[in-house]
Amino acid sequence: MVDRLVIAITGQIDVGSAWASLVSPNDKIGIKISAAGGELFTTHHAVVDAIVDGLVAAGHSRKDIIAWDRQLDAIKQAGYRPEADGYQLLSIAPHDGYDAKAVFTAPAMGKLIWGDLDFIPQRGENPMRTETVNASDKSHFSKIVTEKVTKIINVPVMSDSFATGLAGCLYNVTLPNIDNWRRFAQYGRFGAAGIPQLYAERNISGKVVLNIMDGLIAAYAGGPRSDPNFALHFETLYASKDPVAIDALALRRLEQFRADAKMPPIDDLASHVALAGEMGLGNADLARIDERHLSP
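Taking the numbering used here, I'd label the letters of the sequence shown as residues 1 to 296.
Don't take each hint at face value.
[Unchecked claim] Mimicking DSS-like on lysine-lysine, the simulated pairs with C-alpha atoms at most 30 Å apart in a straight line are:
# : residue 1 : residue 2
1 : K143      : K28
2 : K148      : K28
3 : K151      : K63
In short, the hints are calculated from the structure, not lab data.
Could you build the full structure based on these sequences and the hints that come with them?
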């Protein structure tokens with residue numbers, strides 16, 4: 001399925017040529033997975049393996065390819081085998097994993113917690129249990145996106161989010177890659193504007209070459225963490241160079257699943273998708289999205 005999609009998107013004749021048209025031999029390639037769903041709802045191991053195999057066919061060394069998320073707590077239970085897969089599996093270290101020189105400022109203030117780069121506990125406090133109130137309008141990008149990769153393949157799962165409505169392409173490559181991120185999931189439409197603004201930064205949009213949404217299982221409630229009561233086998237992958245178009249299509253489908261389950265709509269909670277379209281980051285207008293269907 002991955003091979004068919006990449007060949008169709010690039011118009012090339014084989015998998016190696018398809019990936020070679022997206023990344024150059026000198027690129028440092030990162031695959032941004034979603035591991036928040038733990039054992040049952042992490043980006044499927046087989047999807048990442050197929051991407052890596054395609055990149056190897058394009059001439060890249062398996063050992064130099066990075067797959068990452070903020071945390072990889074249940075990565076082995078999801079089928080990943082760091083000692084055998086051959087590619088790197090990285091997480092973002094609290095505090096030290098963020099780049100002090102790569103700053104994103106937005107008007108939404110956030111309460112800093114342990115792990116954020118600018119968090120400073122009072123002397124003698126346990127930083128994990130502090131009552132200190134630090135607040136900031138600044139976030140820092142992870143060193144993975146600023147230093148370790150030059151091209152990103154964005155591979156989210158197809159999931160709703162209790163905080164942002166949709167944990168799709170735009171979400172997956174932005175909020176998990178910054179500190180002080182909670183402020184963008186707390187203030188409705190005002191906070192949601194931060195997601196497309198983050199995506200527009202050169203450390204993100206300047207590096208993402210392809211989005212592949214893993215919809216083999218779709219979660220229409222309880223996301224982005226796993227809740228099997230609100231998930232179903234959808235058996236679909238979406239791929240596009242346009243993250244907004246994938247998110248718009250996924251959001252429409254999740255709304256249908258929620259309606260079938262007699263659940264309230266996601267609606268404005270996922271307003272960052274429409275805002276990204278208004279900012280020119282992609283196409284959020286369902287009437288203008290050309291959706292092509294491929295069989296395996």
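For each hint, the structure was consulted:
1. At roughly 13 Å between alpha-carbon atoms, K143 and K28 fall within 30 Å of each other, so this suggested pair holds.
2. Of the pairs offered as hints, the one joining K148 and K28 holds, with about 7 Å between alpha carbons and a cut-off of 30 Å not exceeded.
3. Straight-line distance between C-alpha atoms of K151 and K63 comes to about 16 Å, which keeps the hinted pair within the 30 Å bound.
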